[in-house]
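*Asks:* Could you build the full structure based on these sequences and the hints that come with them?
Protein chains: 2
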Amino acid sequence: MGDRAVISIDGMGGDHAPGIVVDGLEAFAKARPEFDFLLHGDEAKLKALLANCPSAAPRTTIRNAEKPAITMETKPAEAVRRGKGSSMWNAIEAVKKGEAVAAVSAGNTGALMAMSKLILRTMEGVHRPALVGTWPNMKGVSAVLDLGADIVADAEQLVEFAIMGQAFARAVHHKPNPTIGLLNIGAEDLKGHEEIREAAALIRNSKLDMKFHGFVEGNDISAGVADVVVTDGFTGNVALKTAEGMAKMISQMLRTALTSGLTSKIGAAIAMPALKKFQSGLDPRNSNGAVFLGLNGIVVKSHGGTDGYGFSMAITVAADMGSSRFKAELTEQLVKLAAAQAAAASTEQAGAGASEETAK
Amino acid sequence: MGDRAVISIDGMGGDHAPGIVVDGLEAFAKARPEFDFLLHGDEAKLKALLANCPSAAPRTTIRNAEKPAITMETKPAEAVRRGKGSSMWNAIEAVKKGEAVAAVSAGNTGALMAMSKLILRTMEGVHRPALVGTWPNMKGVSAVLDLGADIVADAEQLVEFAIMGQAFARAVHHKPNPTIGLLNIGAEDLKGHEEIREAAALIRNSKLDMKFHGFVEGNDISAGVADVVVTDGFTGNVALKTAEGMAKMISQMLRTALTSGLTSKIGAAIAMPALKKFQSGLDPRNSNGAVFLGLNGIVVKSHGGTDGYGFSMAITVAADMGSSRFKAELTEQLVKLAAAQAAAASTEQAGAGASEETAK
Numbered sequence: 293m294g295d296r297a298v299i300s301i302d303g304m305g306g307d308h309a310p311g312i313v314v315d316g317l318e319a320f321a322k323a324r325p326e327f328d329f330l331l332h333g334d335e336a337k338l339k340a341l342l343a344n345c346p347s348a349a350p351r352t353t354i355r356n357a358e359k360p361a362i363t364m365e366t367k368p369a370e371a372v373r374r375g376k377g378s379s380m381w382n383a384i385e386a387v388k389k390g391e392a393v394a395a396v397s398a399g400n401t402g403a404l405m406a407m408s409k410l411i412l413r414t415m416e417g418v419h420r421p422a423l424v425g426t427w428p429n430m431k432g433v434s435a436v437l438d439l440g441a442d443i444v445a446d447a448e449q450l451v452e453f454a455i456m457g458q459a460f461a462r463a464v465h466h467k468p469n470p471t472i473g474l475l476n477i478g479a480e481d482l483k484g485h486e487e488i489r490e491a492a493a494l495i496r497n498s499k500l501d502m503k504f505h506g507f508v509e510g511n512d513i514s515a516g517v518a519d520v521v522v523t524d525g526f527t528g529n530v531a532l533k534t535a536e537g538m539a540k541m542i543s544q545m546l547r548t549a550l551t552s553g554l555t556s557k558i559g560a561a562i563a564m565p566a567l568k569k570f571q572s573g574l575d576p577r578n579s580n581g582a583v584f585l586g587l588n589g590i591v592v593k594s595h596g597g598t599d600g601y602g603f604s605m606a607i608t609v610a611a612d613m614g615s616s617r618f619k620a621e622l623t624e625q626l627v628k629l630a631a632a633q634a635a636a637a638s639t640e641q642a643g644a645g646a647s648e649e650t651a652k
Numbered sequence: 293m294g295d296r297a298v299i300s301i302d303g304m305g306g307d308h309a310p311g312i313v314v315d316g317l318e319a320f321a322k323a324r325p326e327f328d329f330l331l332h333g334d335e336a337k338l339k340a341l342l343a344n345c346p347s348a349a350p351r352t353t354i355r356n357a358e359k360p361a362i363t364m365e366t367k368p369a370e371a372v373r374r375g376k377g378s379s380m381w382n383a384i385e386a387v388k389k390g391e392a393v394a395a396v397s398a399g400n401t402g403a404l405m406a407m408s409k410l411i412l413r414t415m416e417g418v419h420r421p422a423l424v425g426t427w428p429n430m431k432g433v434s435a436v437l438d439l440g441a442d443i444v445a446d447a448e449q450l451v452e453f454a455i456m457g458q459a460f461a462r463a464v465h466h467k468p469n470p471t472i473g474l475l476n477i478g479a480e481d482l483k484g485h486e487e488i489r490e491a492a493a494l495i496r497n498s499k500l501d502m503k504f505h506g507f508v509e510g511n512d513i514s515a516g517v518a519d520v521v522v523t524d525g526f527t528g529n530v531a532l533k534t535a536e537g538m539a540k541m542i543s544q545m546l547r548t549a550l551t552s553g554l555t556s557k558i559g560a561a562i563a564m565p566a567l568k569k570f571q572s573g574l575d576p577r578n579s580n581g582a583v584f585l586g587l588n589g590i591v592v593k594s595h596g597g598t599d600g601y602g603f604s605m606a607i608t609v610a611a612d613m614g615s616s617r618f619k620a621e622l623t624e625q626l627v628k629l630a631a632a633q634a635a636a637a638s639t640e641q642a643g644a645g646a647s648e649e650t651a652k
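Here the protein sequences line up with chains D and S, keeping their order.
590 is the number that the numbering used here gives to position 298 of the first sequence; each next residue is one higher, with no gaps.
366 is the number that the numbering used here gives to position 74 of the second sequence; each next residue is one higher, with no gaps.
Treat the hints with care, since some could be wrong.
Copies of the same chain are indistinguishable here, so a pair counts whether it falls within one copy or spans any two.
[Unchecked claim] DSBU-like mimics (lysine-lysine), calculated; alpha carbons at most 35 Å apart, straight line:
1) 376 to 557
2) 503 to 431
3) 322 to 619
4) 568 to 540
5) 322 to 628
6) 431 to 367
Please keep in mind that the hints were generated in silico from the structure rather than gathered at the bench.
Remember, it's a predicted structure, so these values are computed and weren't measured experimentally.
*Replies:* Right, here's the structure in full:
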């Protein structure tokens, strides 16, 4: 494989693996001839599937996994304890060893996060990793994080999320200068949790290379007010799932309405090309591929129930991240953040000293 | 007016007041002959509008407000300081004086909440009031609270929200035995914030008359998994606005698709009755009327931009709450909660004593 970029793929993760994984791999390989692949899992099965993949087969090395695949029911703690040698473990380990620029899996999210943290470790300067995802909005897409890697985040962590989200938007959404918004419940500076207000102050006072929009509200996510929306993992997870639930309900209501009688069915049939285009705008496969940011290596989580097309989108995210300046940019910004915080701390200390003197 | 139930209405609150307020009043008065009304605001204007309201006029007493109306720009603190004598203030005060069973306003939410708290005070046994709203779901509607009265809630407050939401679902959604869900990011008992897990334990251990479903996730709200969804005001506000934003985006995408060419327009025209029915299922006017729960009196907040039909729905919520057993039920349940907590505290103390003895 030499100097070509390699992507490491968990062949056995997800509801319809390994079939959709190999389908997605072939679709991606055809579109992006500059990448090679490591495919982890049941060698016999994967080999048989790859036989029908003229683009992927010559550029893919199959690595047999000795352990059975991690299932959707495996608890994270168990995955970490007993997962060594599974296709998921090996896919991540290839990134750690420098054999691949990124790993992709459609397997169990909790297990993937726990294993990734254990194998790759958190990057220096980052307190907690975060899960970032692509959210369709009225103007295109935005990046939202944290989607649930952790349940809380203090001000400093929120700023780190902002930095990581910005670098993600550059790498994956190809936006050179994305705007960053902090999710809050009002646009005014006085509202919301203290850590959010502190994070806003920290961003404004740091010399970060960042286009900071300020606070955004829930409805601003879909409106596309900011390119990157930053929040803690609890709120981000609730927001994402609530929006998914709403989209599902509306789609079902529309389907019910348009099949509710002969006239509606005729109308819907005539408008079908437009309705299909509408549907594809909401197709979750187009935004498939959440990235676990802040580790020493890139791990992409594909939706477990996706198909080959959806999985190819997750590989695209891994490819874009793997060939980007993500890590270098993150390191540069973290240095600036640390400097700003050190300066703030020394000012505070000087201030405290001064007021002590005044008190005397 | 005698023994008839009276509803107190802020005639001047909202973007299109007093026009839509009086329109809504007339629509409600026609449908519900058992209620009388107090209408607060600019007497001359209100009198002129009421002249065209054959159902409402004979049952409405206009109370002139000396102070100018609270605007959408008025800060809550200012509203409290200088709002006495405004139509909003007088509408709430009529509830305090026992002249009306509930107040309704389409005015500034922050000002209404602050004034209501000041005038009516928090009910005994309730730590913090909560804002509850009606959320359409696949099976009908659910009640979601807190939508932003406060930004945090500890375990005990979450249980109080559950009790208040349950009583609201009985009174307004006419569900005799509603199921209660706690909003979390996973169905497992180990996930989520400590206060949510504690609240679940507290509900299970209290002898509350409550059908507790356990944890629900964001997507479960629109799926209608629970009749009442309980969360803190920050999360609830983000979830509500995120869902509204998603619904708005989808509606706009659908409109764009169905007007994108002659064929689509023809199809849409044929399917128009079905599309209109679909739209009305999503009509926010049908779920208009959020209630500020936990005070010594009922205050209903109508959406500021609604029309007459929407405002009549908010009056309906006030009427249903005002003629319900809400307060009695709440009091009974709060007594049970206090007893359960006292029992838990004494067990804990006994337990602590025992382990101290063991330590000796």
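*Asks:* For each hint, tell me whether it holds in the structure or not.
*Replies:* Verification of the hints:
1. For the homomeric pair residue 376 and residue 557, neither the shortest alpha-carbon distance inside one copy (53 Å) nor that between copies (58 Å) is at most 35 Å.
2. With identical chains, the CA atoms of residue 503 and residue 431 are at most 35 Å apart within one copy only, with a shortest distance of 18 Å there and 43 Å across copies.
3. In the homo-oligomer, the alpha carbons of residue 322 and residue 619 lie at most 35 Å apart inside one protomer (27 Å), although the nearest pairing across protomers, at 67 Å, exceeds that limit.
4. When the C-alpha separation of residue 568 and residue 540 is checked against a cutoff of 35 Å, the pair qualifies both within a copy, at 16 Å, and between copies, at 19 Å.
5. Proximity of residue 322 to residue 628 under the C-alpha cut-off of 35 Å is found in neither arrangement, the shortest distances being 41 Å within a copy and 66 Å between copies.
6. For the homomeric pair residue 431 and residue 367, the shortest alpha-carbon distance between copies (32 Å) is at most 35 Å, but the shortest distance inside one copy (38 Å) is not.
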